[in-house]
Amino acid sequence: MNSGTAIAREEPAGAFRQIMAWLHTWGGLLAGWLLFAIFFTGSLGVFDDAITRWMKPEAPAVELRDWDRASLVRMGQSYLEETVPRSHFWSIGLPTKDIPVIRLFYEDEQEQFQSERLNPATGEPMPNDAERETEGGHHFVHMHYEFHAGTAGVWLVGVFTMAMLVALVSGVIIHKRIFKDFFSFRPGKGQRSWLDAHNAVSVLSLPFLFMIAYTGLATFYSLYMPAAIEVHYPEEGSFFAELLDQPRHRPETDVDAAVVPLDGLLLRAEAEMGRAASFVVVEHPGDSSAAARVFGVFDEAEARGKLLPGTSGRVEFDAVNGELWDVQVPGEIRGGAATATQAVMRTLHFAGFGGYTVRWLYFLLGMAGAAMMATGAILVMVKRRQKSLREFGIHTPRVYRLVEVLNVGSIAGLALSCIAMLWLNRLIPIGIEDRAAWEIRGFFLVWALTLLHAALRPAGRAWVEQLLVCAALCLTLPVLNALTTGSHVLVYWAQGDGPRLGVELTVIVFGLLCGLGAYGLLRRQRQARPLLNAARPPLLQRGAESEARG
Amino acid sequence: MNAWLIVLLPLLLCYAGMTGLSLAMPRHQRQVWPAVALAPPYRNGLRALGTGLLALALLPCIRAWGPSVGVVLWLGYLSAGAGGLVLLLSWRPRSAALLAGVAVAVTVPVLLTS
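If you're matching them up, the sequences are chains A and B in order. Position 520 of the first sequence, counting from 1, maps to 551 under our numbering, and the rest follow consecutively. Position 106 of the second sequence, counting from 1, maps to 545 under our numbering, and the rest follow consecutively.
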């Protein structure tokens with residue numbers, strides 16, 4: 032900031048603003064392509080439960096009743112003891128209303144994550160085709176914060192989020208008429224309209240955009256700023272153990288020891304917490320250092336209206352002798368003011384604190400954020416399509432072409448692959464190995480194909496075609512659903528199935544918007560520049576041509 | 440109070456408040472009434488009315504969701520109300536103003552009686 036003010040003082044008025052404008056344009060554009068994906072999938076992720084429900088049309092054929100939780104944990108434990116007697120961790124999830132089976136997660140001997148589902152009536156593994164294996168709406172959440180790329184993905188998203196904060200601040204600096212143009216949107220005026228739209232969506236959703244970017248960074252503070260923790264707390268998990276006043280992680284001893292029966296721990300934990308348990312986790316089972324944690328059921332009604340809801344209950348035991356180590360009752364808050372502040376920010380980011388009202392507001396404002404990235408990226412090219420600014424010398428036409436291709440592929444292409452994901456969910460056969468992963472591979476494959484398509488077609492055509500395909504996929508989704516599962520909007524309406532109905536209606540509305548966009552674009556292209564529709568010369572030739580013209 | 444009413448009350452109030460603020464600006468006032476030029480006192484009145492309605496929207500938010508979440512939601516509603524207005528104002532300016540009038544007529548009595 033110091034160098035900025037220094038420049039403003041030394042150089043003629045407006046120079047600082049010009050530098051900010053440059054930063055905003057190119058920084059915003061480079062970050063905007065992936066930020067669009069982050070915002071778009073994040074907005075969808077707000078409704079991950081509803082989307083998962085839509086993506087799992089067949090509930091597994093399991094009787095739904097009030098199970099004896101102790102016996103279910105016993106089933107889980109005996110399966111795990113047989114399969115992986117020694118492991119880094121076991122996790123046993125008890126049946127819920129939405130997932131009425133026992134869910135097991137564990138690490139096998141090759142240190143690979145595995146999961147299994149047991150029938151709560153028999154304790155036997157559920158067959159592969161018992162239900163449609165899918166990541167569901169969680170796919171969009173993973174895309175949103177890590178692009179399915181683990182810690183590297185979280186870092187990537189963090190870097191782009193920082194870039195977004197820079198773009199927001201520089202955008203506010205260069206926008207001279209924030210209040211005068213507050214309500215202005217003049218449609219049908221080319222570049223002017225794109226600028227208006229970009230300004231309007233950005234300014235009106237600015238408080239949300241700052242909040243969501245900042246709280247997103249704060250959520251992963253220990254990953255983004257690990258140095259101090261690594262230096263002062265070299266032992267695994269010791270930072271959080273001290274911060275939250277929890278028992279320390281015990282390193283593995285390599286001495287064999289059996290895990291005590293977990294059903295006994297479950298009952299004691301439930302008595303301590305005063306509520307039902309949802310998960311039992313065992314850390315290095317089979318080793319004499321084993322520890323067990325029992326987590327309480329998350330009560331959404333209780334968390335509603337609170338920005339600092341505290342824990343849902345957490346009890347920790349020595350898993351070898353059953354000694355009780357630690358009890359956190361539901362609602363308990365540990366870790367002092369800084370941890371509480373961070374927890375409030377996390378609550379704000381995760382949109383779960385106020386039911387559907389908050390979720391819809393986040394969805395709409397998140398989409399406004401995505402629209403900000405899209406209109407900004409498009410504006411860059413709308414401005415330069417009229418008249419080349421020749422920023423890159425003789426390479427300018429090629430850079431412009433690259434920007435056009437990336438714009439189409441990252442905006443229309445990403446939206447298209449998101450809806451394609453719902454199609455894949457209905458088309459990929461049930462029961463195949465790795466089915467959930469195939470859906471995700473399909474998503475990325477479609478995204479890559481949209482980029483390829485954008486690279487092969489003239490930009491104007493590529494936009495229209497991808498928007499049209501997107502609209503068609505959205506509008507015919509209910510037909511596909513009816514053909515493959517026999518359900519669709521009207522069935523959901525009659526059953527009063529709000530989440531599934533909401534998903535399908537939202538998809539239809541989105542399809543209409545895409546269709547409208549394609550129609551408007553097509554009309555404009557026919558009207559204004561008949562030449563644009565004519566076949567364009569290939570890349571290199573066109574570059575030379577515009578050079579000659581410029 | 441009815442669930443839909445809880446959700447819609449702050450939205451309508453924010454929408455109407457933002458309309459008041461926009462009509463206080465000559466550019467948008469001409470969009471709605473091209474033949475009229477409002478004198479400054481009227482414009483100040485509209486601005487005060489708009490601000491008042493925006494502030495009033497905080498009331499149902501806090502009542503329904505408590506102070507902390509209520510304020511967060513109010514900020515979201517401000518954006519949503521302004522966004523709806525911008526869309527309507529650019530294509531149907533007259534209807535935009537009319538809707539704001541209806542919104543005030545409906546919400547304020549509900550708010551005062553409930």
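There may be inaccurate statements among the hints.
Unchecked claim - These stretches of chain B come out as covered by chain A in the derived footprint (C-beta under 8 Å, 3 or more residues): (1) 456-470; (2) 497-509; (3) 514-522; (4) 531-539.
Calculated from the structure, these hints are not laboratory results. These figures come from a predicted structure and were not determined experimentally. Idealized CB from N, CA, C, for every residue including glycine.
Status of the hints after comparison with the structure:
1. 456-470: Holds, because 6 residues of the segment 456-470 of chain B bring their Cβ atoms closer than 8 Å to Cβ atoms of chain A.
2. 497-509: With 4 residues close enough to chain A, the hint holds.
3. 514-522: Coverage by chain A holds here, the residue count being 8 at a Cβ distance below 8 Å.
4. 531-539: violated (count 0)
Comparing the model with each numbered hint stated earlier shows that hint 4 is the single one that does not hold.
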